[in-house]
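Using my numbering, read the sequence shown as starting at -10 and increasing by one per residue.
Hints listed in this document are in silico derivations from the structure and should not be mistaken for laboratory results. Among the clues, some could well be false.
With a straight-line cut-off of 20 Å between C-alpha atoms, the simulated EDC-like cross-links for lysine to aspartate or glutamate are [as the list claims (entries may be wrong)]: (1) K212 x E193; (2) K198 x D159; (3) K113 x E16; (4) K198 x D147; (5) K223 x D159; (6) K223 x D128; (7) K198 x D163; (8) K198 x E166; (9) K212 x D192; (10) K114 x E16.
Pair ranges (Cβ atoms, derived) [said to hold, decoys possible]: (11) S145 x S197: 17 to 25 Å; (12) S224 x R38: 28 to 36 Å; (13) A142 x T181: 45 to 53 Å; (14) R213 x E110: 39 to 47 Å; (15) H2 x P88: 30 to 38 Å; (16) S197 x D217: 20 to 28 Å; (17) A107 x N194: 47 to 55 Å; (18) H204 x E(-4): 26 to 34 Å; (19) S197 x D34: 43 to 51 Å; (20) R(-1) x G63: 40 to 48 Å; (21) H204 x D111: 28 to 36 Å; (22) S197 x P14: 41 to 49 Å.
Because the structure is a prediction, the values reported are computed rather than measured. Where a beta carbon is used, it is the ideal one built from N, C-alpha and C, also for glycine.
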Amino acid sequence: MDLAADELERIDHAFARNRLLATFPREARALLEPFGELTDLAPGDLVLRRGEDVGHSLFPFGSTMVSMIVDVDGGRSIEVASIGQEGAIGGIVSCGQAPAFTRAVTLIGGPALSVPMAALEDAKKRSPFIEHLFCRYSDFLLAQVMQSLACNAFHSVDARAAGWLLTAQDRAGDRLELTQEAFAGLLGVQRTTVNAVVQQLQDENLISKRRGVIHIVDRVGLKRRSCDCHAALKSHYARVIGAGGSGG
-10 MDLAADELER IDHAFARNRL LATFPREARA LLEPFGELTD LAPGDLVLRR
40 GEDVGHSLFP FGSTMVSMIV DVDGGRSIEV ASIGQEGAIG GIVSCGQAPA
90 FTRAVTLIGG PALSVPMAAL EDAKKRSPFI EHLFCRYSDF LLAQVMQSLA
140 CNAFHSVDAR AAGWLLTAQD RAGDRLELTQ EAFAGLLGVQ RTTVNAVVQQ
190 LQDENLISKR RGVIHIVDRV GLKRRSCDCH AALKSHYARV IGAGGSGG
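Sequences are here, hints too, so could you generate the full structure?
Here it is in structure tokens:
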């Protein structure tokens, strides 16, 4: 297969495996596809920097997962949303150029389709389907942030950890390359706290761990240990987006 054919095949994968892009009818896809460029994100790659204008929107596919992180005083930070193959990062809900509010960092590396903001804004104006789809996705993203706020305030660390692992499994599969230090930062707690939680989940045979890797062993058991936030967000996405992009 030549390079051009390989690129076209990967773009086809992007439209098939990103759940927003997969809903696009042919005419909507034609508005974005000529401007899309494939990129491979590595763990730790900075996708958005707070205060900088958003130049491109990214549509992750495959196992790619990006964390939206808010930094607070004292060098602490916490994840307020995460995005994988069900969504997009940067500029989806804005009207033209706007600065990023959060820092966005690649947590699990993989491919994404990058679309310039100018092309995306033009596509919104020319396609009611794209405009309405991204409007509904903004509702889901806001719901995720609100659910995260409530979860962080009221649910135990072990329940939050179990729910986070379920969400990551939905996007990336059973094997998650994730250090316990990074996991602690995502949950906004001390590493010693996460160490104890991860050890407990392993003792219950729900996960197995080794250096830098967590493997999901028992999804049903993790669901029992999780709060309801993971299930609530999955249900809301299905109602807002639906299989065809028009909501449930």
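*asked:* Under the constraints set out in the numbered hints, which ones does this structure not fulfil?
replied: Per hint list: 13, 19, 21 violated.
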